[in-house]
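Enquirer: Okay, here's what each chain looks like letter by letter:
There are 2 protein chains.
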Amino acid sequence: MTQQKLNETTSGGTKAHEMAKKQREISVAEFFSKNRHLLGFDNPRKALLTTIKEAVDNSLDACEEAGILPEISVEAIQMAESRFRIIIEDNGPGIVKKEVPKIFAKLLYGSKFHRLKMSRGQQGIGISASVMYGQMTTGKPARITTKIGPKYPAYYCELNINTTTNKPEIKTEKEVEWNKDQGTRVEIDLEAIYQKGSQSIDAYLKQTAIVNPHATIIYTSPKAEQIIFPRATDKLPKEPKEIKPHPKGVELGLLIKMMQDTDARTMQSFLINDFTRVGSGSAKEILQKAGVIPNAKPGQMSRDQAERILKAIDETKLMNPPTDCVTPIGADQFEKGLKKEIKAEFYAVTTRPPSVYRGNPFVVEAGIAYGGDQEGDKQIRVLRYANRVPLQYQQSACVTTQSIIQTNFRSYGLSQSRGALPVGPCTIALHIGSVWVPFTSESKEAIAHYPEISKEIKLALQECGRKLASYVLKKKRLHSELKKRSHIEKYIPHIGTALQDLLGLSPGQKDLVESDLKVILEERRGKLKSIEAENSEYDKELASIGTDAEAELHDDADEGGDDRE
Amino acid sequence: MTQQKLNETTSGGTKAHEMAKKQREISVAEFFSKNRHLLGFDNPRKALLTTIKEAVDNSLDACEEAGILPEISVEAIQMAESRFRIIIEDNGPGIVKKEVPKIFAKLLYGSKFHRLKMSRGQQGIGISASVMYGQMTTGKPARITTKIGPKYPAYYCELNINTTTNKPEIKTEKEVEWNKDQGTRVEIDLEAIYQKGSQSIDAYLKQTAIVNPHATIIYTSPKAEQIIFPRATDKLPKEPKEIKPHPKGVELGLLIKMMQDTDARTMQSFLINDFTRVGSGSAKEILQKAGVIPNAKPGQMSRDQAERILKAIDETKLMNPPTDCVTPIGADQFEKGLKKEIKAEFYAVTTRPPSVYRGNPFVVEAGIAYGGDQEGDKQIRVLRYANRVPLQYQQSACVTTQSIIQTNFRSYGLSQSRGALPVGPCTIALHIGSVWVPFTSESKEAIAHYPEISKEIKLALQECGRKLASYVLKKKRLHSELKKRSHIEKYIPHIGTALQDLLGLSPGQKDLVESDLKVILEERRGKLKSIEAENSEYDKELASIGTDAEAELHDDADEGGDDRE
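Quick note, the sequences are listed as chains A and B, same order.
Using numbering that gives the first Met the number 0, you'd call the opening residue of the first sequence number 0 and step up by one each time.
Using numbering that gives the first Met the number 0, you'd call the opening residue of the second sequence number 0 and step up by one each time.
If you are wondering where the hints come from, they were derived from the structure by calculation, not from laboratory data.
It is possible that part of the hints are untrue.
Given that identical chains are not distinguished, each listed pair holds provided it fits within a single copy or across any two copies.
[Unchecked claim] Simulated crosslink set (DSS-like; lysine-lysine; CA at most 27 Å straight-line):
| id | residue 1 | residue 2 |
| --- | --- | --- |
| 1 | Lys33 | Lys166 |
| 2 | Lys316 | Lys454 |
| 3 | Lys101 | Lys166 |
| 4 | Lys150 | Lys21 |
| 5 | Lys21 | Lys256 |
| 6 | Lys21 | Lys166 |
| 7 | Lys33 | Lys101 |
| 8 | Lys256 | Lys20 |
| 9 | Lys33 | Lys247 |
| 10 | Lys234 | Lys342 |
| 11 | Lys454 | Lys33 |
| 12 | Lys335 | Lys377 |
| 13 | Lys150 | Lys173 |
| 14 | Lys33 | Lys243 |
| 15 | Lys283 | Lys310 |
| 16 | Lys243 | Lys21 |
| 17 | Lys222 | Lys339 |
| 18 | Lys482 | Lys466 |
| 19 | Lys116 | Lys101 |
| 20 | Lys234 | Lys21 |
| 21 | Lys205 | Lys457 |
| 22 | Lys173 | Lys20 |
For clarity, every value in this text was computed on a predicted model and none was experimentally measured.
Sequences are here, hints too, so could you generate the full structure?
Expert: If you want it as structure tokens, here you go:
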């Protein structure tokens, strides 16, 4: 059989021709409908969450970009055992009629992909993918209503996506009455399953509220309970600025492409206008090092010249990109959010200064909530955020988790076995804001491992960790102090009675002696306050805390929790 | 400031118009060049592996489809500190001229996406992505040489991919001399870093050799060492058959699309011709249950009718899809491969019968190699394969790993703490073959978690586990038996001397007594052979093995290892 097969190969040409017939182009919609798990639609439960998430993220982005305090209503209605209707309505700027079909029923279409600016959406895929999933599982088109201002009529349409062409199909469209100044309403039917838990809609909205204190969210669950997450502040997050690419982050291929596409007539002006942080001085320097004349035409640069320019950029000192394109939540806002969400006894939050990976500015924020109601014998809870969006899946694959694992929390008073998350009554929240968050997959569940990002996360964790450490040690010393004292106090009455017998004291004298002894004890062992004061000096001791100590620490923590009740 | 921002919203229309201007279409090439980590190009080290992997996978697929025993040469040449040239040449059927540009320089183009058949490539993205990455990082076009038969000239071309349009750009093309009957040669320059280790080219090729015993691979490393993985068999794997979709795996949206696209004139013929496992009998049954007349026109079905048909399909008994579209490696071939790669003392391999998820047939194979040179105090090593391709990244996110963790290996004689991989001198290899492997991301690093797949993996692991258990118990009993005996033997001489003194025996008599005692001992405690025989009965005991026992087991294992040296 093999022999016969081998013979075929002598007429391999025909085989190649035969195989050629099977070659075909694949539409991006076909691709993603077959690879729906890439977009977060692996199963009906996740599909429900993803669809709501995409719609809410878009609403928040639109409102903030328009400078509107978001007011978003989220409704999930169960139509059949595994079929839901989700309705998301916002008070955003609305969408102009001609854009509606493409925004909701064409994959890879949007305003956020080509700009360098921090926003929740990035790719122009999310909501169209939800529309496609709904259509694939229920055959029902998506219903969109949008109004761009009081003076304008509301536009309503029903949309399908043609998966063979990745083009929108408008089923119905009309003007409708909508007693609302402006906003957008999205209605999608889809196959889904509703469950509570850490990966539920409820958890997503709760975590969203933590990092979006300026938004009001009204949620009506499939059980028809209404949960309102009211706005905690009227202050909109500072609108991030859009920036041009930074030369240090540019690759040869991209540079060549930019030189072909640019409107600039000379290399000098190209470098200054098409990049951030390049002034005429540094432009001259770069071109000189590269041996390229300043008024050479960008379109005529050869590959070798381009490579020399890249090398010259590498060797030229340039400022880091401006960082006003990323806006952190801010330590105090972040801490407010945590306190709202987690009953703990100690909180520490850090916002790192912005940094840069592959030319993309990003900022890391970390928060730790310790003790309180939290169980002490479990691995810590991790809350992950990217551009203010909670990440609820693929925790183990995320750079945040890996960075926590690689940070030694033993020295901060938590127990931790090698290669694992620390154990203790503790929650760690991490937020990464960037003009471009590198997710490991299109479903935006985990952040890819870039060394620069991992480094910043670890620094943020260490800052919080040190604060945690001193608190934990204080508790520990306080705790053992109280133990010692209660031990001694136990004996005082016995000493009293002994002295009474020996010296034949009267009951009154006995009581006096005992209270005197208490006073002496107080003085000898010092007041609690003074102990608390001392503590800061002892933080270095912490590094020496061993496993037994840790066991003890957890007792502390639990008691600490009780104290507050 | 908030107030002022809010005022803007009263003229929200203008804001919507303003935002509309920013909307833009995104080319799939732009998308993937920005999201390169989705395709396995997160960093230069991985980029090198991914590029070689994509080229080798294509060569293996092409050879097998053409019935040719693959002979593939892989060369990686270091051009500069972080720049490599990779050259992959095969003896495959070659590619017809007009297809070459699209196959190598257009994303989402290929022959494998639209068919249901097990193959390494699936999406028509891989090799074009490598070409694009090389171009983005070095500016150099890819060089392709291909020949489709002795009677044909060889075709050479240099290709770039236009990332704005996702169309190939031919830089040079010509006919060239090639003293070779047929085959294809791919040459790509790229930014990369070469490292040894479990995620290196070397490891990839070695693991590839395990599951492709019919292929000869000649590898020339950047250090110019040549490593040859010779063919272990002349038997090509059975060529998998292409199948039509199975009705039970079809969703409403897809059914509607199929009814619109079909050439069939009646619903009856549509069901029979466009699906697998639907005969005229079951077709009638389905349509009857759905209340649709057999000669209704597919194109005219309403959404509700489609939904009724789907419901009817659900309620109709249909054979599982034919499974000759997936070809397992086969237990014996798989075991050969393992023995070649891993020095162990015990091997167990299982091939499960094919099963189905979402209408896609798949087959799971598991292999365990225990003891030998393997370290006993570490977590076990996991080798993961999808359609004969090794998976080297994102182990923790893979359904294989999760399924191992969820299997209780304590009862099979390995130690294992909850939620972790077992610990022991052991390697577990898992192969999933399917017409459609659901990877968690386009970089094909981890397999998504489908319950049906997870279930099959666990069953395969249990089959191997039971075999492992009986072996491990045997070792354990053998070991303690030998211990006991050596203890007793230690005392025999003393007893001998004692008796000599008591009874005044002659040296000869003493020796006689001692040897008699030995014989009695032998008989009393039985021969080793008989012990080995007994063992099978004692397997149930295993479940009771506790942690201490496990510690002991590892000693055994290590000794076992020594025995063989």
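Enquirer: Now tell me, hint by hint, if it's right for this structure.
Expert: To see whether the hints hold, each was checked on the structure:
| no. | hint | verdict |
| --- | --- | --- |
| 1 | Lys33 - Lys166 | both (17 Å within a copy, 23 Å between copies) |
| 2 | Lys316 - Lys454 | within (22 Å within a copy, 57 Å between copies) |
| 3 | Lys101 - Lys166 | both (8 Å within a copy, 22 Å between copies) |
| 4 | Lys150 - Lys21 | between (55 Å within a copy, 23 Å between copies) |
| 5 | Lys21 - Lys256 | between (33 Å within a copy, 21 Å between copies) |
| 6 | Lys21 - Lys166 | both (24 Å within a copy, 19 Å between copies) |
| 7 | Lys33 - Lys101 | both (21 Å within a copy, 21 Å between copies) |
| 8 | Lys256 - Lys20 | between (33 Å within a copy, 23 Å between copies) |
| 9 | Lys33 - Lys247 | between (37 Å within a copy, 16 Å between copies) |
| 10 | Lys234 - Lys342 | within (25 Å within a copy, 65 Å between copies) |
| 11 | Lys454 - Lys33 | between (36 Å within a copy, 22 Å between copies) |
| 12 | Lys335 - Lys377 | within (25 Å within a copy, 43 Å between copies) |
| 13 | Lys150 - Lys173 | within (17 Å within a copy, 64 Å between copies) |
| 14 | Lys33 - Lys243 | between (35 Å within a copy, 15 Å between copies) |
| 15 | Lys283 - Lys310 | within (14 Å within a copy, 71 Å between copies) |
| 16 | Lys243 - Lys21 | between (43 Å within a copy, 15 Å between copies) |
| 17 | Lys222 - Lys339 | within (24 Å within a copy, 58 Å between copies) |
| 18 | Lys482 - Lys466 | within (25 Å within a copy, 55 Å between copies) |
| 19 | Lys116 - Lys101 | within (22 Å within a copy, 34 Å between copies) |
| 20 | Lys234 - Lys21 | between (58 Å within a copy, 26 Å between copies) |
| 21 | Lys205 - Lys457 | within (26 Å within a copy, 36 Å between copies) |
| 22 | Lys173 - Lys20 | between (45 Å within a copy, 23 Å between copies) |
Going down the numbered hints, you'll see the structure goes against none, and every one checks out.
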